[in-house]
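Please model the entire structure based on the sequences and the hints provided.
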Amino acid sequence: LKPLRLFLLSLCTFLVVLQPMSDALALPDGASGSRSPSPGSRGRQAKQKLDLDQLQEAYEELVSFKKQDEKSKKDEERQKKLKLQNDKKTINKLYSQAQKAANQRQQEVTKLMRRLEKVEAEAEKQSAKKLMQKDKLTEITKKLREEQHHTEAALNSKIAEVSEASGRLHQIDWVLENLDQKGDGPPQATTLLSDEELREQEDLKGESQMLRTKNELLREENEELRTGLEQIRRAIQEKREEIAQRQASKRIGVQVGKHEGNEMTTEAV
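In case it helps, mature numbering (1 follows the signal peptide of the UniProt record, and there is no 0) puts the sequence shown at residues -26 to -1, 1 to 243.
What the hints contain is simulated information worked out from the structure, not anything from laboratory work. Be a bit skeptical, because a hint or two may be false.
[As the list claims (entries may be wrong)] In silico DSBU-like links for lysine-lysine, alpha-carbon gap of 30 Å or less:
no., residue 1, residue 2
1, 40, 55
2, 116, 213
3, 132, 188
4, 110, 213
5, 47, 62
6, 62, 48
7, 117, 99
8, 117, 103
9, 74, 92
10, 62, 45
11, 85, 104
12, 116, 99
13, 103, 213
14, 99, 110
Dropping the structure here:
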């Protein structure tokens, strides 16, 4: 289309230049300017004028079309530039929004990671603390068991002493009973007891009284040992229950820490 427009424009220009030359050539040589043209000459001039008017009109249309085409091109170029500017603005806006969202997400991830590290550190701290407490409770329980064994051994020893003293006391009581029966006989039977036997009787009575007193003390001491042993057993049971509760709470704490860590990781993702 563009070469055709250029061709028509060149043709119009050529005809405009050629018109005066054709008018001059139409006059015969030596003819005066006052001579009236012939009918054929007038027809040719009218036809040439008509062709010139058409060409002039076509030229003006071409010029107008060219102006409109240039205007359309300018408008199209302006629309392209405007569209390009709007597209750039839209892209820049979307980029800014995406960058802002990415920064916000990164901040949230960083915050959650710090929180997760804090939770893990606290969980490790609590685990170490509970482990120390467990070791301490285990040591206390061990000492209580040692004390229990020592008390049980002492109690068994005292029980053996009581049994031995009771047996000795029964023997003395039996001897004294026989001596008393011998002394309660007829008056002539009393002379059968020698001084040595009388002293032995008195010694046995004194030993019997001492053994009774010792037995009473041993019984009281045994009762105290039994009471102490029962207290030690209760203390050991309480420590065992406390250790079991701490172990259970530790397992629950570890599970909660893992659950929170998983939730934080999910939120970060």
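Hints versus structure:
Note on residue 40 and residue 55: the hinted pairing holds, with a Cα-Cα distance of about 22 Å set against a maximum of 30 Å. Under the criterion of a C-alpha separation no larger than 30 Å, the hint pairing residue 116 with residue 213 is consistent with the structure, at around 10 Å. A distance of roughly 11 Å separates the Cα atoms of residue 132 and residue 188; the hinted pair therefore holds under the 30 Å criterion. For the suggested pair residue 110 and residue 213, the alpha carbons sit about 10 Å apart, so the restraint of at most 30 Å is met.
For the proposed pair residue 47 and residue 62, the alpha carbon gap of about 22 Å is at most 30 Å, so the pair holds. Between residue 62 and residue 48, the direct Cα distance comes to roughly 21 Å. Compliance with the 30 Å bound is thereby established for this hinted pair. Only pairs whose Cα atoms come within 30 Å are accepted, and residue 117 paired with residue 99 is accepted, the gap being roughly 27 Å. For the hint pairing residue 117 with residue 103, the CA-to-CA distance comes to about 21 Å; that is within 30 Å, so the pair holds.
Pair hint residue 74 plus residue 92 holds up; C-alpha atoms about 27 Å apart against a cutoff of 30 Å. At roughly 25 Å between alpha-carbon atoms, residue 62 and residue 45 fall within 30 Å of each other, so this suggested pair holds. At roughly 28 Å between alpha-carbon atoms, residue 85 and residue 104 fall within 30 Å of each other, so this suggested pair holds. Restraint check for residue 116 and residue 99: satisfied, since their Cα atoms lie roughly 25 Å apart, inside the 30 Å limit.
Proposed proximity of residue 103 and residue 213 is supported: the alpha carbons are some 17 Å apart, at most 30 Å. With a CA separation close to 16 Å, the supplied pair residue 99 and residue 110 stays within the 30 Å bound.
In terms of the numbered hints stated before, the structure departs from none.
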